[in-house]
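Peer 1: Sequence:
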Amino acid sequence: MAVSSTQKRRIPQAKASDVFIWHGVNRKGKKISGELSASNMLELKAQLRKQGITPGKVKKKPKSLFGSNDKKIIPADIAIVTRQIATMLGAGVPLVQTVEMIGKGHNNGNMQRLLGDICNKLQSGIPLSECLRDHPRYFDDLYCDLVNSGEQSGALETIYDRIATYKEKAEALKSKIKKAMTYPISVLVIALIVTSILLIFVVPVFQEIFASFGAELPAFTQMVIGISEFMQAYWYLGIAGMMAFGYFFKKAHLNSQKFRDSVDRKILKIPVIGDLLEKAAVARYARTLSTTFAAGVPLPDALESAAGASGNAVFRDAILEIRAEVSSGMQMNLAMRNCNIFPDMVVQMVAIGEESGAVDDMLAKVATIYEQQVDDAVDSLTSLLEPMIMAVLGVVIGGLIIAMYLPIFQIGQIV
873 MAVSSTQKRR IPQAKASDVF IWHGVNRKGK KISGELSASN MLELKAQLRK QGITPGKVKK
933 KPKSLFGSND KKIIPADIAI VTRQIATMLG AGVPLVQTVE MIGKGHNNGN MQRLLGDICN
993 KLQSGIPLSE CLRDHPRYFD DLYCDLVNSG EQSGALETIY DRIATYKEKA EALKSKIKKA
1053 MTYPISVLVI ALIVTSILLI FVVPVFQEIF ASFGAELPAF TQMVIGISEF MQAYWYLGIA
1113 GMMAFGYFFK KAHLNSQKFR DSVDRKILKI PVIGDLLEKA AVARYARTLS TTFAAGVPLP
1173 DALESAAGAS GNAVFRDAIL EIRAEVSSGM QMNLAMRNCN IFPDMVVQMV AIGEESGAVD
1233 DMLAKVATIY EQQVDDAVDS LTSLLEPMIM AVLGVVIGGL IIAMYLPIFQ IGQIV
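So for the sequence shown, our numbering puts the first residue at 873; every next one is plus one.
Incorrect hints may have been included.
[To be verified] Each computed EDC-like pair below joins lysine to aspartate or glutamate, with the alpha-carbon atoms no more than 16 Å apart:
no.: 1; residue 1: Lys1051; residue 2: Asp1248
no.: 2; residue 1: Lys1123; residue 2: Asp1133
no.: 3; residue 1: Lys1048; residue 2: Asp1248
[What the hints assert, rightly or not] Using C-beta positions, here's what the derived DEER-type ranges look like:
no.: 4; residue 1: Asn1210; residue 2: Met1260; range: 30 to 40 Å
no.: 5; residue 1: Tyr1277; residue 2: Asp1216; range: 49 to 59 Å
no.: 6; residue 1: Ala963; residue 2: Lys1051; range: 29 to 39 Å
no.: 7; residue 1: Ser905; residue 2: Phe1121; range: 50 to 60 Å
The hints are simulated quantities; they were obtained by calculation from the structure and are not laboratory data.
Where a beta carbon is used, it is the ideal one built from N, C-alpha and C, also for glycine.
Using the sequences and the hints, build the whole thing.
Peer 2: Structure representation (structure tokens):
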């Protein structure tokens, strides 16, 4: 249904919801109470009466001194809401009622307002895909295109189930990658903090003791004391330098596509980590292409979506090259083989899918295989890093202890 820009401007915007604490009496005369979101008290009382409750005392719930329930909406929240919509549509609940129920039942104020705005526009006759496009921060082009495909084909509940599965798999994959990166980084940061504390606060105590010996200190001890003195004098420069590096790196990463592409290319060359990220990129490519192709999206458009979802510049550029060759009439498996970035097994499975007319099924199997490989690689990486990190910590902390006690051992031998 086409809607003009003039009609769109007349659509009422969702009102901000507040949480109210209410007391009332149900149909059986029993006193009950609870909490409910509404834009004002009149709307709240109307909602209660619809439920057969005679409202009594009503008051706005005070906001916490330590923050409100207006949490930032993250991709995981969108994945959960997508699954809820898919489940309710599959159960035969009308779309408008589905969005309204999920919005009112959500404990995040921002999500309530987002779903409330979408619900208002749905009630005005705007297609769901167009409602979602008004919120590109939360619903990307791929999401909206799939919803539009479901609306056009009259199978929105089936498409939403596929979108929900896609979002859940994507978030699970992202979580595994974060797990692989977070553990070693957090341990190394803790090791850096502990080492800095020892050098700034503990080593100077030993230095005062050594000054009373009146003897020359071992070279290793002198080196540690020199590092300690440097950190005591210039610790703030180290912190400022790390903060400046983090700030400029983040700024460059946000503002420069060339810089992001360079980082993506270099990170794939890191041992173990690079192999893990390659597997994750293949899994994203296969899962995205399988979902879009099964939803009836034309292959060139599906490849464009897969390029954006790959998460790495090397794979993005390769997939765009595949798209160009497929658009000119080449088979996808041949285009994939020409770019020399996809494993032979993936290319062969796509070739079998093209011959049998089941490309989406084959890509779904490829995605499942590589998602499992990522899971196994994360577990292996964690198991491998644990002893390595412990060894590094042992060498650093043990080296500091040896450096401090070495002069004491030498004096004991002299005595």
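Peer 1: A separate judgement is required for each hint: does it hold in the structure or not?
Peer 2: Okay, the hints, checked on the actual structure:
Restraint check for Lys1051 and Asp1248: satisfied, since their Cα atoms lie roughly 12 Å apart, inside the 16 Å limit. With a C-alpha separation of about 14 Å, the suggested pairing of Lys1123 with Asp1133 holds against the 16 Å cut-off. About 10 Å separates the Cα atoms of Lys1048 and Asp1248, which keeps this hinted pair within 16 Å; it holds. Checked against the hint of 30 to 40 Å, the pair Asn1210 and Met1260 passes, with Cβ atoms roughly 39 Å apart.
Taking the beta carbon of each, Tyr1277 and Asp1216 are about 57 Å apart, inside 49 to 59 Å as hinted. Take Ala963 and Lys1051: their Cβ atoms lie about 34 Å apart, and the range 29 to 39 Å holds. The supplied range of 50 to 60 Å is met by Ser905 and Phe1121, whose beta-carbon atoms lie about 52 Å from each other.
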